[in-house]
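Based on the provided sequences and hints, a complete structural model is requested.
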Amino acid sequence: MIRIAKPLQLLCAVALCALATDRPRAEAPERVIAISARRFQFTPSEVKLKKGEPVRIQLTSADVTHGFFQRALGIDAEISPGKTTELVVTPQEAGRFLVICDHFCGSGHGGMNMTFVVE
Amino acid sequence: MILDRRAFLRLAGVSLGAGALYRASPALAADGPGAALGRRLAAANGEAPAPFLFAQLSDTHVGFQGPPDPMGTAAFERAAAVLDGLPARPELVLFTGDLTHDSEDQDERVRRMRKFQEIARRIRVPQLRMIPGEHDAGIDGGALYREIFGETSYAFDHRGVHFVALDNVSRAKPEVGAERLAWLKQDLARYAPTTPIVVFTHRPLFDLKPEWEWFTRDGDAVMNLLAPYENVTVLYGHIHREDIHTVAGVRHLAARSLVFAFPDPAQPQKKPLPYDPDHPFKHLGLRLVHAGPEKPGGAVSLGLEEVELTMREHSGTEGLAQLLKAAPE
Numbered sequence: 000m001i002r003i004a005k006p007l008q009l010l011c012a013v014a015l016c017a018l019a020t021d022r023p024r025a026e027a028p029e030r031v032i033a034i035s036a037r038r039f040q041f042t043p044s045e046v047k048l049k050k051g052e053p054v055r056i057q058l059t060s061a062d063v064t065h066g067f068f069q070r071a072l073g074i075d076a077e078i079s080p081g082k083t084t085e086l087v088v089t090p091q092e093a094g095r096f097l098v099i100c101d102h103f104c105g106s107g108h109g110g111m112n113m114t115f116v117v118e
Numbered sequence: 000m001i002l003d004r005r006a007f008l009r010l011a012g013v014s015l016g017a018g019a020l021y022r023a024s025p026a027l028a029a030d031g032p033g034a035a036l037g038r039r040l041a042a043a044n045g046e047a048p049a050p051f052l053f054a055q056l057s058d059t060h061v062g063f064q065g066p067p068d069p070m071g072t073a074a075f076e077r078a079a080a081v082l083d084g085l086p087a088r089p090e091l092v093l094f095t096g097d098l099t100h101d102s103e104d105q106d107e108r109v110r111r112m113r114k115f116q117e118i119a120r121r122i123r124v125p126q127l128r129m130i131p132g133e134h135d136a137g138i139d140g141g142a143l144y145r146e147i148f149g150e151t152s153y154a155f156d157h158r159g160v161h162f163v164a165l166d167n168v169s170r171a172k173p174e175v176g177a178e179r180l181a182w183l184k185q186d187l188a189r190y191a192p193t194t195p196i197v198v199f200t201h202r203p204l205f206d207l208k209p210e211w212e213w214f215t216r217d218g219d220a221v222m223n224l225l226a227p228y229e230n231v232t233v234l235y236g237h238i239h240r241e242d243i244h245t246v247a248g249v250r251h252l253a254a255r256s257l258v259f260a261f262p263d264p265a266q267p268q269k270k271p272l273p274y275d276p277d278h279p280f281k282h283l284g285l286r287l288v289h290a291g292p293e294k295p296g297g298a299v300s301l302g303l304e305e306v307e308l309t310m311r312e313h314s315g316t317e318g319l320a321q322l323l324k325a326a327p328e
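Chains as they are written, first to last, in numbering that gives the first Met the number 0: chain A, 0 to 118; chain B, 0 to 328.
Treat the hints loosely; a few may be bogus.
[Unchecked claim] Per the computed footprint, the stretches of chain B lying under chain A, defined by three or more beta-carbons under 8 Å from a beta-carbon of chain A, are: (1) 96–110; (2) 127–137; (3) 164–175; (4) 208–215.
Just so you know, these hints were derived from the structure itself, not from any lab. Being a predicted model, the structure only gives us computed values, none of them experimental. For glycine and all other residues, C-beta sits at the position ideal for the given N, C-alpha and C.
Shown next as structure tokens:
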């Protein structure tokens, strides 16, 4: 029989407890949201989020490079065509947050945006 | 000696709404502190400061087709005619970007830039200076703009004032970029802290409203480079409305557009203000600023006069044609 020293037993118990419970949400968001960009709109144009709940956002572009920027939510990404850009967001405040394309993409660029509604 | 900000930009003359006319008048009395300042700046710049008049125009968007505004270049033409008709014309006209509206068709972009030049040259002033907006330079990194207008960032001196044209649009993102920041640092190093500096750029260099892209990502880095200078003014466009903000002692002045207006940033939505067929130049009208010391050596006072253009103002050749085209049968 293998004997384990008491301090090590305690450490193992703590580790098992950690595995049994949810990992920190910021590391493993359960909800995934796909957003596609195309000149000059994001689809969907509005997404509801829950305060404190992390979400994984998957961004794709159907045409050219776009930006995805929302300072208060800490979002600052580039969306290049042909690849998926992923980011994890955990909103800390309720409210409406306008996300803009901040990579110039043409004549309608100034109106290209979508909204996260955090409840 | 420290040059007082009010002593530098003595706002006077006319504000066009379409832009603002400023009279730069450092304390230039033949004797007294102004003379000493003049000698120092002359030594630093090679040119002594002297009173002069200049104008800022912005966001002409040549080639833009409504909505909201079906008037095309009519307001730009009118502004050019007003400037050209002033009894004392400005010595310098600055255009703070979005000279043209972008197009997928490269030939059309060239036509629009040539059209801009044709209208701008109606203003018979010694110097027309411009910088690009994102609609001029964002799509190709400023390549076509450089072919037609020249460099997108540059500097020059005029009557003792150091002007810096700073491109914050041609990198696709709203930023100046490390290369231009290094250039700016090198350019400014030649000047004394008291030198009056006017930076003209397209996007605001401070966070006016980032969620409307009314900011420059590295605007703080620009302002840090300018921080040692005591007399800095930033002129910009992009927001299609007159706006005056003072941030860390520097005044940031936005001029109105010459095509359509955006709402106050306190509003929830960035929707262009609607076109009013009964008042086609609404929000693109004139603002007159009468300023200057009430008596020699006295305090500067500013008198503002807002003037809304009327139908009879559509006197430009193309402006009249556009007006008739826009009018219902």
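Hint-by-hint comparison with the structure:
1. Residues of the stretch 96–110 of chain B with a Cβ under 8 Å from some Cβ of chain A number 4, which satisfies the need for three, so the listed coverage holds.
2. Beta-carbon proximity to chain A at under 8 Å applies to 3 residues in the stretch 127–137 of chain B; the threshold of 3 is reached and the given coverage holds.
3. A stretch counts as covered by a chain when three or more of its residues have a beta carbon under 8 Å from one of that chain; for the stretch 164–175 of chain B and chain A the count is 4, and the coverage holds.
4. For the stretch 208–215 of chain B, the assignment as covered by chain A holds, since 4 residues bring a beta-carbon within under 8 Å of that chain's beta-carbons and 3 suffice.
Checked against the numbered hints listed earlier, the structure breaks none of them; every hint is satisfied.
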